[in-house]
Amino acid sequence: MATLDGFGRPADVPWWVGLVLLPLLNLLAAFVIAGGVIWVLGVDPVAALKVLVWGAFGDTDLIGFTLYYTTNFIFAGLAVAIAFHCGLFNIGGEGQAYIAGLGVGLVGLAMGGWPWPVVMAVAVISAALFGGIWALVPAWLQAYRGSHIVITTIMFNFIAASIMNYVMVDVLIAPGQQAPESRAFDPSTHLPSLQDLLALFGIRSRTSFLNVSFLLAVACCVAFWVFVWHTRWGYGIRTVGQNERAAVYAGIRPGHMIMLAMVISGALAGLVAVNVLLGAQHRIILNYTGGVGFVGIAVALMGRNHPLGIFLSALLFGALYQGGSELNFEFPKLSTEMVVVIQGLIILFAGALENLFRPQVEALFRRRLRAAA
Amino acid sequence: MIVRGIAVAGLALAVSTGAAQAQSVPAVIFDMGGKFDKSFNEAAYNGAERFKREFNVEYREFEISNEAQREQAQVNMVRRGANLVVAIGFAQAAAVTKNAAENPNVRFCIIDSVVNAPNVRSYTFKEHEGSYLVGMAAAMASKTGKVGFVGGMDIPLIRNFAFGYEQGAKAVNPQIEVFQNMTGTTPAAWRDPTRGGELARSQFDRGADVVYAAAGATGLGVLQAAADLNRLAIGVDSNQNHLHPGKVLTSMLKRVDTAVYTCMKDAHENKWTAGALRLGVAEDGVGWALDQNNRPLISADMERRITEARQKIISGEITVRPYQQ
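Line by line, the protein sequences give chains A and B.
Here the first sequence is numbered in the working numbering, starting from 23 and rising by one per residue.
Here the second sequence is numbered in the working numbering, starting from 578 and rising by one per residue.
Just so you know, the hints here were simulated from the structure itself, not pulled from any lab data.
Since the model is a prediction, treat every value here as computed from it, not as a measurement.
Where a beta carbon is used, it is the ideal one built from N, C-alpha and C, also for glycine.
Any given hint might turn out to be false.
What the hints assert, rightly or not - Lysine to aspartate or glutamate pairs mimicking EDC-like chemistry, simulated, CA-CA at most 16 Å apart:
(1) B:842 / B:635
(2) B:675 / A:208
(3) B:889 / B:861
(4) B:612 / B:638
(5) B:720 / B:679
(6) B:629 / B:860
(7) A:355 / B:635
(8) A:355 / B:638
(9) B:612 / A:66
(10) A:355 / A:83
(11) B:889 / B:860
To be verified - If we take Cβ atoms under 8 Å as the criterion, some of the chain A residues that face chain B in the derived model are:
(12) 83
(13) 185
(14) 187
(15) 189
(16) 197
(17) 200
(18) 201
(19) 255
(20) 298
(21) 309
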């Protein structure tokens, strides 16, 4: 292993520093600050942490909810990551997932009576189509018209929200009802919960939203890894992401790769709808995404755009999301807004400030390595 | 076993004293707009607090902050041992329907919607009757012959407020002009005071001098606009007269507090029954507010005519038509 090999090139630090130590340090910092805020509010931070951990992993039900949210975050994180590999910042996961809800919802409403595997297969395709097409327009604008993808995807979030408002309020609202919700899907279309599966292993669980979409999410992680690192298209996407001009010299057309990456990104984001609508809510409701697409950005950042990392960070965010909501039940003093603040702090430290401790920690390791050499 | 132990420890850690020994364990789930919206949800909160004071029984509470939470919030309450879940607001109807079927041993109360199940008690209100009374007050207080209405989310429930209001105003002055605006079509319309204020201002600009807000927390903007422009507003659900004394003509009281209180009390005293209750003026479910804050605004003549109309609604001499059916 090279330590100091020539001018200007910093020495290598052990691989686990970037992948394990730094995320843990960031997480710790976030917890310390969040704990301080909780303490200022007059709640014992240790008790709050206990409830947070209990709320996420305390019994099989709670673990079920944690994994249910993890499923959402895996899809959203993979969606952001594939775009990252192509050098694109897809902020539109929220809108792509939301519009995909229409695709899933129409399938759920129309296919009453069909067995669930068929419904799920059609719903997955429909969700991927709706989400993918929703991402295709900003992708085309980026690839061939130079409109910045950050601007266009965020605009498309608003367009998606407006379209869904219209559809829910004026078209799909269940008759004789005041809330803008569609009628419930036929029970035959409901995805089986994983409780039924766990029961085979003797694990008893009553009610959680966890369903077979979780297995789909895990499969997507594997497929993501194969696609990005072991296919021609994945190679093309990564090349364009690292150097667009070099890609052209290599015979890769950047425009195609940008469109491909964004369609896959939108399709992955769209799968959130399968988990939430077909797996849990069993009807189309307004704003069912609730910010999942945005959390996906933090998940991808923290997971270093690698499926294994994304799985782990999605699990962390799932646990925070579930445990955080339990906090609100146990400590009325910690209002809903407060829980959002705590989650925001963790996103800030783990996602946005990922380089906060990096220079110091890496310098420390280099000094030690140099001393050893 | 260990997992269960931790779970129990976690619960024990959180449950404060009092709830454990009583056989009724109530939980209240507020809807979007928030517990302290000074209107609909706050009325529910006041009812729950009254129950807590009188019976010394703690209750659990939760505020919905996004649409996807409703179902899980109820499930969470049941898992925490709640055997009475009071769901505030029609938006929770779908979740109540589902959870009531899955938890036949848990009692549910729902406000503003009807869920037909053997373990659900539904409370709805004759908002049109209460709105009729404040509509009369508005018409009598108006000097311009124009009054306004700002609704929250555009749904039949809120149109029912507007419909009764208009009937009341026209009963006093058949020529009166009633402006109507809705804040939006989604639940976000319950918590947008800025837009509420703008809608009220536009109605004031068009010549209205009394505006009735039926819009949850959005209504706070309407009341503020009236106070700023030195006009009059009418509050809703809770008594909002004190928010801007002398600038709030009256408030249409919708006794969500009584409904929540009665539901919790009946469950506590084992007198709870399922079924649909519809509360109007006769049941004191809706009414109008008169206190020291708006006393100077209500003349003796106004008070007499409104009280008379109230009696006539009870006796059936006046029928206020609801928006639906």
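So, going through the hints one by one against the coordinates:
1. Distance restraint check for residue 842 of chain B and residue 635 of chain B: the Cα-Cα separation of roughly 12 Å lies within the 16 Å cut-off, and the hinted pair is therefore satisfied.
2. This hinted pair checks out: residue 675 of chain B and residue 208 of chain A have alpha carbons roughly 13 Å apart, not beyond 16 Å.
3. Proximity of residue 889 of chain B to residue 861 of chain B is assessed by CA-CA distance (about 14 Å); at most 16 Å being required, the pair is judged to hold.
4. Restraint check: the Cα-Cα separation between residue 612 of chain B and residue 638 of chain B comes to about 9 Å, which is no more than 16 Å; the hinted pair holds.
5. This hinted pair does not check out: residue 720 of chain B and residue 679 of chain B have alpha carbons roughly 56 Å apart, beyond 16 Å.
6. At most 16 Å may separate the alpha-carbon atoms for a hinted pair to count; residue 629 of chain B and residue 860 of chain B exceed this at roughly 23 Å.
7. Of the supplied pair hints, the one linking residue 355 of chain A and residue 635 of chain B holds, its CA atoms being roughly 15 Å apart against a limit of 16 Å.
8. With a CA separation close to 11 Å, the supplied pair residue 355 of chain A and residue 638 of chain B stays within the 16 Å bound.
9. This hinted pair does not check out: residue 612 of chain B and residue 66 of chain A have alpha carbons roughly 24 Å apart, beyond 16 Å.
10. Only pairs whose Cα atoms come within 16 Å are accepted, and residue 355 of chain A paired with residue 83 of chain A is rejected, the gap being roughly 25 Å.
11. A distance of roughly 14 Å separates the Cα atoms of residue 889 of chain B and residue 860 of chain B; the hinted pair therefore holds under the 16 Å criterion.
12. The interface hint given for residue 83 of chain A is met, as the beta carbon of that residue sits about 7 Å from the closest beta carbon of chain B, less than 8 Å.
13. Given hint, residue 185 of chain A at the interface with chain B, is violated; its Cβ is 13 Å from that chain's nearest Cβ, farther than 8 Å.
14. Because the smallest distance between the Cβ of residue 187 of chain A and any Cβ of chain B comes to about 6 Å, under 8 Å, the interface hint for this residue holds.
15. Taking 8 Å as the C-beta cut-off, the interface hint given for residue 189 of chain A is violated, the closest approach to chain B being about 11 Å.
16. With a cut of 8 Å, the hint placing residue 197 of chain A at the interface with chain B is violated, because the nearest CB-to-CB distance is about 12 Å.
17. Interface restraint check: residue 200 of chain A against chain B, minimum CB-CB distance 4 Å, threshold 8 Å, status holds.
18. A cut of 8 Å between beta carbons decides the hint on residue 201 of chain A: the least distance to chain B is about 5 Å, and the hint holds.
19. Because the closest C-beta pair between residue 255 of chain A and chain B is about 34 Å apart, greater than 8 Å, the hint is violated.
20. With its C-beta approaching chain B no nearer than about 7 Å, residue 298 of chain A sits inside the 8 Å limit, and its interface hint holds.
21. Hint status for residue 309 of chain A relative to chain B: holds, with the closest Cβ pair at about 5 Å, below 8 Å.
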